[in-house]
Amino acid sequence: MDGWDFLLIVIRVVVIFVMLMITTLLLVWFERKVVADMQDRIGPSRAGPWGILQTLADGMKLFFKEQITPRKVEFGLYIAAPILATVPAFLIFMAVPFGRPFTLTLGGEPREILLQGADLNIGLLFILSMSSIAVYAVVLAGWSSGSKYPLLGGVRATAQAISYEAALGLSVIPVVMYTGSVQLSEIVEFQRANLQFLGNVIPFIPNWNLFLLAPSFVIFFIAAVAETNRAPFDLVEAEQELVGGFHTEYSGLRFALFFLAEYINMFTMSAIAVTLFMGGWSGPTWDGVLPALVSGVLPTFWFFAKVVVLLFVYVWLRATLPRLRYDQLMEFGWKRLIPGALAWLMIIGVVLAWRQFGNPWS
Amino acid sequence: MGPVEAFLAGMRVTFGHFVRAFFGGKGEVTIRYPDEMRVKPQRFHGRHVLNRYPDGMEKCIGCELCAGACPAHCIYVRGKDNPADDPVSPGERYGFVYEINLLRCIFCALCVEACPTEAITMTQLFEMSTTNREDGIYTRTELLVNPDGTPNHMFTEDPYADLGELVKADGWMRAAAPGGRAAYEGETAWTPSAGIGARPPELGQSEPVVDEDGDD
Ligand code: SF4
Ligand code: SF4
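Chains A and B, in that order, give the protein sequences.
Each residue of the first sequence is one higher than the last, beginning at -13 in my numbering.
Each residue of the second sequence is one higher than the last, beginning at 309 in my numbering.
Hints are computed from structural coordinates only; laboratory data are not their basis.
Computed from a predicted structure; not experimentally measured.
A few of these clues could be false.
With the Cβ distance kept under 10 Å, some of the chain B side facing chain A (calculated, not the full set) [stated by the list, open to error]:
1) G324
2) A329
3) F330
4) V337
Label pairs and their in silico Cβ distance ranges [unchecked claim]:
5) E435(B) x P201(A): 55 to 63 Å
6) G310(B) x L276(A): 42 to 50 Å
7) F415(B) x L42(A): 36 to 44 Å
8) M46(A) x T438(B): 25 to 33 Å
9) R320(B) x S118(A): 31 to 39 Å
10) G324(B) x D273(A): 35 to 43 Å
11) E317(A) x P342(B): 45 to 53 Å
Where a beta carbon is used, it is the ideal one built from N, C-alpha and C, also for glycine.
Bound-form chain B, shown alone (with noise of 0.2 Å):
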């Protein structure tokens, strides 16, 4: 193609999708954001929760393996023995101090693939702006969902908030929980969540499998 044709080939395709624009057609990609909200992926790596068994105990047992894993160093929790009178956690111990510094978190989700008991997983909350540095770590305060399994929204006042994400909170502790792996594929491997309950296992994690010579 000549200079003259490839320039006449580009003003074309601007020009087509103007008259698309113009006449109506929908073909913007982007969307209204705050008014409109996409359809975010189930496993979308927004900001962490931590969880409840549906009795309203924690989950989190402060063994801080999450701390371990995390490359960021931004988790910071400290156990504690449960009282025997009152245990907040079904474990021996319970995350007495629990923070994660979000302005350090690069949302990678190692966190959660550490946890054992499924405590910590992530939603699909992504607006995490603040006015200083202290508010972007998230404490127990923060993190902890409600007794109902709702996590603390940032913005409940906010009338753009979409406080339906928040159903979704544990999407990514499916596919990192042992019920993730193709291996348990059909099978509910995770504890159930206070206010959600068990999820169904989550089909479509592999390919069917073809057993050839039938011994497996």
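One chain only, chain A, in its complex shape (with noise of 0.2 Å):
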């Protein structure tokens, strides 16, 4: 590792942090503005073309506003709090791969660029881990806050991830045992080819996990909205219940440290379920019709291309779905979705071991 390599480093992480504050901007622009077409509203319309910076400017506002602390916090919990909520949610990203690698000369030798912060041979388990740090946070916030509505949305908090990860983590399993790989940028290379159905190649279509692991991805999806206490299974927060939740006695920078954590993981978790299942960045690029430059960005296009479908059933259901009761919310997690994703697995094991070792009687 010399120090080309070391730059090479620096310059993705701060390339993907900057990405994701952007995105952030930007996703809560889209956010509001797809939510008030669907409510018969105009939504943001003042700051810049169509309201687009909008956002730029609450986060300043957020920004320059005082940080009220209220007496009987716990400070050091308190101030973590945000911090921790924070920073998994840039951490997450950087085991996605975002586009094709790509080769450049660099002092004097040729190195491969990868549109990744890191390629870990365990991304899919660094990712599950991170989530749940997630959830520390919310936990933190509540009981930190010495006060009550916080400490019910804290405690609604641990309820829910630890119901919905487990939902989460099982519905991954099947895609693992599928391609054989918990390394992000091996699954993404699985879903390259074209599809294979009973022994048949489909032409045109492409090998996503989505087609042949279709539960897994629902289920996937589901605890990934739950996961990120996104409507309806925004329980944590629940303004009309709570007064906000977790963050209620947060103000300024610190809330919008958890704002930004929010919206991070949202775009994260459709980044993970498009990784996982709808090929990540794969996708035609036409080598050798197109320039150089255009196929090499292609990828990344596609890859943005397919989160933002994924988002926009994130904000699709917002506007369309009611906050669940939190009885429903258990009942819906620990009756349907673990059973089902348990028995799914059960389903995959049994397929995969027959193709793999044959008849069970020959």
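Fit the two chains together into the complex; they arrive one by one in their own frames, and the hints show the way.
Here is the structure:
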């Protein structure tokens, strides 16, 4: 590892950081605009063309606001919670490949440049562990605020996260079994071929896990919505019941960090769903037909296009569904999602074993 | 409907609205205030004005009936004898002090109904935000219309001020005054105002009366 490699890592990290910040700005605007359209309103329209700078204006406002600290807080944890929410949100995306690696000659030797923070060989496990850390932020924020509504929000967060993380974990196991890897770049590579079904290769249809593992995708997506505390699973925040839940006592920049984390999580969860089930950055690039630069950028474009589709579904759900009641949330998680995920896991296990080892009676 | 069908039906509704809005359909129910103003009903309960007769005389006679009628106790009136050489109102007395605390007012228009001379009426002006409580108390200076009948608009400098609304200043009076009652349908029973003159009688107040035995 020489100076160039080090420089490349720094550049990658900075690029991803900036990219996530910009995506968040656009995502908040996107959500408000789409929800406005669905509810026959206009939405943000003042700051910049179509109100696109509205989030920037809101962010600036929060930045300059007073950060009120209530008297009864546990100060250390109170300060740590928003940081704990934001850091894993950024880290998760580091493991997600968002474009095709390309080769550049730097410092006299060709180097492969990954469009990915780090190609971890335990990528999926890293993601799952980081997303569980994010729950601590909510719990600690609720507990350290020294106030009853945040505490209720924190307690709900614990229960919800435990219930739905089980479903989330179970829903990705079929992907791992089917592709045989937990490294995200390999999972993407696996999905770049054409679809194989009953031994036949079907042309033009990519080998996305979405087709053969559709139930996993549905379970994963529902659990992801619950993990990111988005409507209809936003019992943690529940403005109408809990005055904002765990972040009631946070204001100014500290509140902005929670907000940032929520939207980054929404983005990364969609990115992970795209990577695991919808082929990641794979897609037609027309190498040789188009200029090299265009075909180099196309995979990144496909990746973001797929992510935007999933983000739209997130927003769409939010605009449509009312919040679940607490018992409905638990019932849905434990009595529907987890048994469903387990049953599907067994079916996939049997099918894969059959394919690998042949008929049990032979 | 099972839960899944209900879910899909709901998702379809929101998506339909999205598609309509996205492809240029004007389905919005909100407007771009203050760039656009809603057309308000004629009897909109905006802030009050004190009217004048066409010759510039004030209609208010300082009788304090409005203050007595006000459920929020937010009107304060003091009457005073008209100076013999330069009368302010055609009556004996005039409203020498007249204050309405619009921070307390509930915009019920009972004062308008109570007024025997139709001096106080409501307008369509609704932009009354102030930065301190003092400015929430409107006195004669703000309430009294100009001799040409136009109310004092608080934000004449504001590019968004809709000065056209001022012409409809006595909208609510017409419903509360005798001419607004069903029995007086078609008769002008209110006094003319400066700047506007006599408003035509208002039709459509009631169902047409069917006089069955012909003795009415
Ligand atoms: S509108 Fe009602 S509350 Fe307001 S001043 Fe008149 S009587 Fe009082
Ligand atoms: S506004 Fe009407 S009711 Fe009130 S004091 Fe004047 S004349 Fe009397």
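Hint by hint, which ones does the structure fall short of? Nothing - there is no hint that the structure violates, so all of them hold.
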